[in-house]
Every structure is written in structure tokens, then in C-alpha cells.
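K.L.:
For reference, the chains in residue letters:
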Amino acid sequence: MEQRGRDSAGKPVGRRVVLGVLALGAAGVAFGARIQNGLDNVLAEVSSKDPTGLTQLLPGGGGFQFYNVADSIPHRSATDYRLTVDGLVDRPATYTLADLKAMQQTRLVRDVQCVTGWRVPNTEFSGVLLRDLLDMAGVQKQGTAIRFTCFDGVYSESLTLDEARRSDVLIAHEMNGAPVTSAHGGPVRLYVAPMYFYKSAKWLSGITVTSQVEPGYWEHYGYDVEAWVGRSNGRDDAPTSN
Amino acid sequence: MTSRPGSAVPTGATMLRPRTEQAERPDELRRFTVAERWVHRTTSTLMIVAILSAAFLYLPQLAEIVGRRRLLVTVHEWSGVLLPLPLAVGLGFRSVRADLRRLNRFRPEDRGWAWRAVRHGTRRAGPAGKFNAGQKLYAAFIAGATLVMVGTGLVLWFPHLAALDVRTGATFVHDWLALVIGVLVLGHIRMAFKDPEARHGMRTGWVGRAWARREHPLWAREETTPEEPAAPDDPGPDKTGPAGADPADTTPPGDRN
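Going down the list, the sequences are from chains A and B. Going by this note's numbering, the first sequence opens with residue 243, and the numbers climb by one from there. Going by this note's numbering, the second sequence opens with residue 104, and the numbers climb by one from there.
For reference, chain B alone in the conformation it holds in the complex (with noise of 0.2 Å):
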């Protein structure tokens, strides 16, 4: 069911695919293997239905155009409770465990990065690893959020398990977070509706070197030099690589402007 079952589904033994598919692919790297973009696409339809569905309870123009309310109510429940499910499923992937860690450390150059994004543009808030600063505070603010959603919905879904004002209070956590993460994931959708090639990369999993040079060039960097070592010739790329220091020195670009 992939969308690229020319791609996905290449003639080689597993364990070799990485390898040989880059080497068909010199313009491209490879940002997403299929357990990470099957943790994508089920987490982004239980997101979605979770959030039509509340809109379709809760305002009162849409609720009037479908009525229906308890069969909303039992989707609206599923699709909630469901949503932790495919990460954790992810979480027996080393690619998805390795992404979780790549987001949830800050380095370097992520200091400052949001807000320099959020006052001069993603471009110019300088260079960024695999995820930038803003990526990683928007998944873990997802991930906690769903959370807490999963948590105070239960409350609500088995109103006698809890003690009134426990049950008022999770009211409250439910309908105001619920707002804040439609907001977060329309902006997540919008910013994905921009940028073509990122959509591409997590529909495919490969996006293109020259993009990953623009969006996260010290990810594209660090993905060719891994190919050199062979090369006795150049002089050590561990060194200039993940140093750690570096990257914080080429910042300068967001600032030129």
C-alpha cells in the first residue's frame, strides 16, 4: 500500500536495500524508512478523524449538518485512544528509535533557532540537523499533549472512574488543549502544504540533496561524509563533522541579512 511500490519494493535482499537504492539514487538521500512513514500516515488519520470528529461534536453549525452524536462520540473515543498506538509500535524500529532520539536532544544549533524562526523566517534562522529546533518543540509538544488528551478523555469517556471536580478539571484540560493542537496542526499542515519536498520525503521517504542542503544542511552533511572514510584522502571528516562546536559558528548566514 505504499505509494511508491516501485521504490519500496526494489529486487535486492533487505538488509543490502539501503545501500543499493542510494547508490540509484545519487541526487537523493534517504530521510524516512516505511516503519517511520507508516507511524506518519496512521498517527496523521487517527489525528485527523480524533479532530473532525470533535469539531463535528462540539460547534454547533457543524453539529447540526450531521447529528448522529453517539456514533461520533464512539469514533471521536477510538480514534483518540488509538493515537499513541502506532508510535509505540514504531518504538520495536531501530530508524523510529533513532529519529526519537535525534528529536528529543537539542544541540548546538538548535540554541535560539525558533526564535530566529519565528522573527526572521525558517530560512534565516541558521543551519539545522535532520529536524530543526522548531520540529522537535512541535513533536514533543504533540507527543505530550496526545497524552494528556488520551488521559483527560478517559476521565470523560468513564465519568465514574473519577470524582467530580476531577472530571470538571480533565473538562476543562480536554476543550482548551484541544484548541491549542487543532492550531498546532493546522500550522503543521500548512507549513507541509509549502514545501512540496517535504511531503515528497515523507510519501516516499527520499528527498532531494540539493533540498536537504537548503533545509537541513548539517543532516546533508553529515549523510555524504559517511560514504568518504573509504577515501584515505580526506582529512578526518569525524573531526569537522559532528564537533558540535562548528555548527554554531556557521550561523552568521541569519544574521548577513
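Extracted from the complex, chain A is given alone in its bound form (with noise of 0.2 Å):
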């Protein structure tokens, strides 16, 4: 009742807050791509000299995001490790760790690109191109594509043969100059240096040529299945490989 005369005497300064809060909202939405762009140059300048590596967490910090989708990180010691080639080839292969070190071994130097925004300058790995694997095993001519499996039981991924014969698609088992981590999807991945990162399948255990591309995991929740960087799911980063 005298609630009324009361609460009308005052202003209604929480409306304005929620109102103000509302249209930074939109002008951060609408402007939001250029304002992170300026960010990303001045924390990634910041993050070079920070020794707490505190920076990396914040957005457009500039370190590699951890994405796994299976229950948990799945091990593998470099003795137990195995990778099979197998499907439409002549000659099905099993390879250990050691067989893939003793064979020709490439090192490329690209930007890991996230599709979810976030890239890694300059980052090292070393392996087998995947090109080798598959002249090794004799692709048959109604092999077309290449079906990717990991070892997490869950992961998949997919390439077109084409795709697959690519100088620049590894079988990684050197990250930066040391063995890959069971966290970065050691001891062997895939790494598909013109793609957004979701294609760079982590533990790696199984190399499958198909007769047509089979999507991969994340495929079959609406990413793209050519996932090239700055040409699909919808993005504009500058390309990683040419």
C-alpha cells in the first residue's frame, strides 16, 4: 500500500543497468570481431612476456585449448602403440612407434588454427607424411577417401585421398621438438596442417581407405567435413598451409 508512494520517489536506475547492459551486449556483438582482433595482437604481445602463463587463459590468449571427447585421456606407451593401415590397399600394414621414427621423416613448422577461434603460432611437428603410408600399402583404384580411427575409442575423422596425399598431412609423433603428450594425442596424431584442428585426429590408431568420405565425430554435429582454414564453417582466419 504506502509501498507505492515509496518506490515511485525513486529513480529506476536498475532498468537503466539492465538497459546499458543490454546495448554493450549488442555493440560488443556488432563490434566484436574487430575488438578481439586488436586484443589478440596486444595479448599475444603480453603472453610472450609473462612468465605465469596466466594470460593464455584468457580469451584470444593464444595457447591450445583442450578438447577431448571421450571419458578420458587415453594412454598409450610408445612399446604398446600400434597404427594399422588398412581397408581398400593391396598390402595391409600394422606399424609400431619404432617403425614410424625409422621411416623418412618430415617437419613442418604451420599456426595451429581452432575452429572455435583460437590459434598456436608457429608450432613444430615432425612424422611420416601420410602420403608414404598409403603408396606403402597400394591404394586399390575404388579407394577414394581415408576414414581416420583413435584409440580413444570414440574420436573419427575423414579426408578425401586427395586430400590425404597432401605434403603438408603428417602422422605426427614430435610436437615441438619433444615426443607428442598423451594430452596433445601422443604418442602418435594426425596432423592436417591446411584444416581447422578438429581434423588433426589425436591418438591415432588406424588408418582406413573407403570408398567414399565417412564424416568424422564432429561432422555429424555440423561441421564442416572440408574443413580448410578460411574456407568453411563459416570463417575468415587466414590460411595455416598452402
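Heads up, simulated SDA-like pairs for lysine to any residue below, C-alpha to C-alpha not over 20 Å straight-line:
#1 A:Lys253 - B:Phe234
#2 A:Lys343 - A:Met417
#3 A:Lys253 - B:Gln238
In silico contact screen, one side only, chain B against chain A (beta carbon under 10 Å); selected entries:
#4 Ala242
#5 Trp279
#6 Leu280
If you anchor each label on the Cβ, the simulated ranges turn out as follows:
#7 A:Ala268 - B:Leu165: 24 to 32 Å
#8 A:Arg373 - B:Trp181: 41 to 49 Å
#9 B:Ser147 - A:Gln347: 53 to 61 Å
#10 A:Val284 - B:Leu162: 18 to 26 Å
#11 A:Glu366 - B:Arg214: 53 to 61 Å
#12 A:Lys253 - B:Asp130: 28 to 36 Å
#13 A:Arg473 - B:Leu185: 32 to 40 Å
These are computed hints drawn from the structure, not numbers from a lab. Note that CB positions come from ideal geometry on N, CA and C, so glycine has one too.
Starting from the two chains in their separate frames, assemble the complex, guided by the hints.
P.N.:
What follows is the structure, encoded as C-alpha cells:
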């Protein structure tokens, strides 16, 4: 009863704050792309001189974000690890880590670009060209695509045969000069340099040549199968590899 | 499921309950109704779930522990999008609407209160009504921020509905505002942690009169005077209570120290 008189005496600051936040949010959405670009440069500068690593946790702070679709990080030791190549090939094969290390090695230094926006510049991966493994197995005429499976038991990916034969697609066992850690998909992961990082399947255990592209894990949830950096998933990032 | 079933389910008819209950508790004041407490309880649960799932999605150190990304994404999306629901339902209750009006309106005593609280502490910032200016600002900011988070979150949830730069902008706002909300909610929890009686009030709906006089003196005064009008010897309580200019004159305690 007496509340009415009292309330009308005050200024509706609460409503103004709500509307103000909404307006700021809308402005942020409108200009966010440009602001984040500027911030990325600042943050990259700051985080390069930040011994605590805390800036890496800020949005756009430039570190790896960890993504895992399985229940836990799968572990496989260097001696237990096996990579099988099968499907539409003349000579199916199984490789140990030592086998892979004994083959011709290729080193790539490229930016890693995630489809969610983060980018890690100048990341080094070393390993065997996927092309070499395919040549050794002998792809049959009907084989036009590759399906990758992982020992986390959940993840899968795909490439066309032409993409798989590129000279920037690696079966990687070293990252930045050290063995690929379990968290980063070790001991062996796929590295598809010109594509968004979800293509670079961690914990790679199987390479199967198929007659058509079988969409991988995230591609069942709306991600593009052809994941070229800057030309897919509605993004326009700078390409990571030519 | 209320934490104090003994107090929440009295014997009398519901319409009479507040008055009889108040009579049974001479040393306490009714601060929140059942509806208000349920709005707070459900909103805070959803908020905590949304924040925790966000942390486990976003921070590599935490993400490595749990994995299960699809499940976390689903939990985060639904806890987030449901956040405005409890208050929307609460709008159907008079007590909720009344407190929303109080939160919305800045009265003379709120002017400069937040600034004084930052400089001298909340105790010396001058008298407050049922909600102090800091609580009002927090409520309004969180309400606006929640709506922005739901809006930008939906853009990220259904990426095909929006153009690329809208999505990039939405990501930018969602990420940075999440950080701000995280800090504010932590601050909110810290304040509650330091004040057991405030927590008791939110848990049971009742607070001690002494606490109310100390933390929300203007509210304590207005809650006590309406009982008096029956007594004719009281010199016009309506005039002294809500006059508006009076509270400002009583501010000096803040300056005295």
C-alpha cells in the first residue's frame, strides 16, 4: 500500500543498468570481431612476456585449448602403440612407433588454428607423411577417401584421397621437438596443417581406405567435412598452409 | 524440500500465516517468501552449473581431467538457456514483484552508497533500505548480463542462424562477459560467506531484528512502524518513515569515522 508512493520516489536505475548492459552486449556483438583482433595482438605481446602463463587463459590469449570427446585421456606407451593401415589397400600393415620413426621424417612448422577461434602460431610437428604410408600399402582403384580412427574409442575423422596425399599432412609423433604428450594426442596423432584442428585427430590408431568419405565425429554435429582454414565453417581466418 | 520444514509449514490457514508467524517470532523479520527463496535457489543452481561446465570446457587444465565434451556442452547449453526461467515464473508472485520494484528503484539513500562502500566498507556507507545500492547494482547487472549471455549463447548454439561476423562478435562478448560474471558471482558468494545471518535469511526467509537494524536500518524501521498505526499515540509514522529526505540526513555516521 504505502509501497507505491515510496517506490515512485526513486529513479529506475536498475532498469537503466539492465538496458545499458543489453546495449553494450549488442555493441560488443556488432564490433566484437574487430575488437578481438586488436586484443589478440595485445595479448600475444603480453603473453610472450608473461612467466605465469595466466594470460593464456584469457579469451584469445593464444594457448592450446584442450578438447577431448572421450571420458578420459587415453594412454598408450611407446612400446604398446600400434597403427594399422587397412581397407581398400593391397598390403594392409601394422606399424609400431619404432617403425614410424625409422621411416623418412618430415618437419612442418605452421600455425595451429582451431575452429572455435584460438590460434597457436609456429607450432612444429614431425613425423611421417601420410602419403608415404598410403604408397606402401598400395591404394586400390576404388579407394577415394580415408577414415581415421583413434584409440580413445570415440573420435574419428576423414579426408579425401587427394587431401591425404598432400605434403602437409603428417602422421606426427613429435611436437615442438618433443614426443607428442598424451594430452596432445600422443604417442601418434594426425596433423592436417591446412585444415581446422579438429581434422588433426589425436591418439591415431587406424587408417582405413574407403570408397567414399565417411564424416568424422564433429562432422555429425554440423562441422564442415572439408575443413580448410579460412574457407569453411563460416570462418575467414588466414590460411595456415598453402 | 525447504530446509526448515518446521517453519515453512505452520498449522494455520495460509492467508493468516505471515501475521501469526511474525507474532511467534518477535525478534525476527520476514525477509524473503518461499517463492523468492525458490527463485534464488533455482537460479543459483543453474548459474553454478553453467559456470562450472563453462570452466571445464574452457580451461585446458580442467578439460583434461574430465573430457566428455559433448555432455559438458549439452549441460552448459541447457543450464544457461534456462537461467531466466525461475525469475520469469517468479513474476507470478506478488512478493517477487515487490522486491523487484525495490531493486529497480534507487532512492536518495542509495546515491553514492556504492562509492562509499568501496572506500569505507559497507558498514560505513550509510543506512540502506531492504537492499543496499550494491545489491541493487549487482541484481541489475547480473540480470542484463544473463540476457546477453543467453542471446550470444544461442548464436553459438545454432551457428547457422547468424552471419560470420555476428558469430565472431557473439563469441567475443560471450567469452569476456563470462569472465566478468565469474568474478561478480564469486564476489557475491564471498559476501554471503562472510555474513551467516544473510545466508540464514535466504535459507529460512527470516532474519534477526538486530541484524536488520545493523545492515538494513531503513527497512527494519519501515517493517516495525506499520505495526504501530493501531496505536494512536504514535506521532504520524507515515510522515517520518517514507519521507525520503530524512534518510539522507541520517547519513553522517559514515563521515564521522
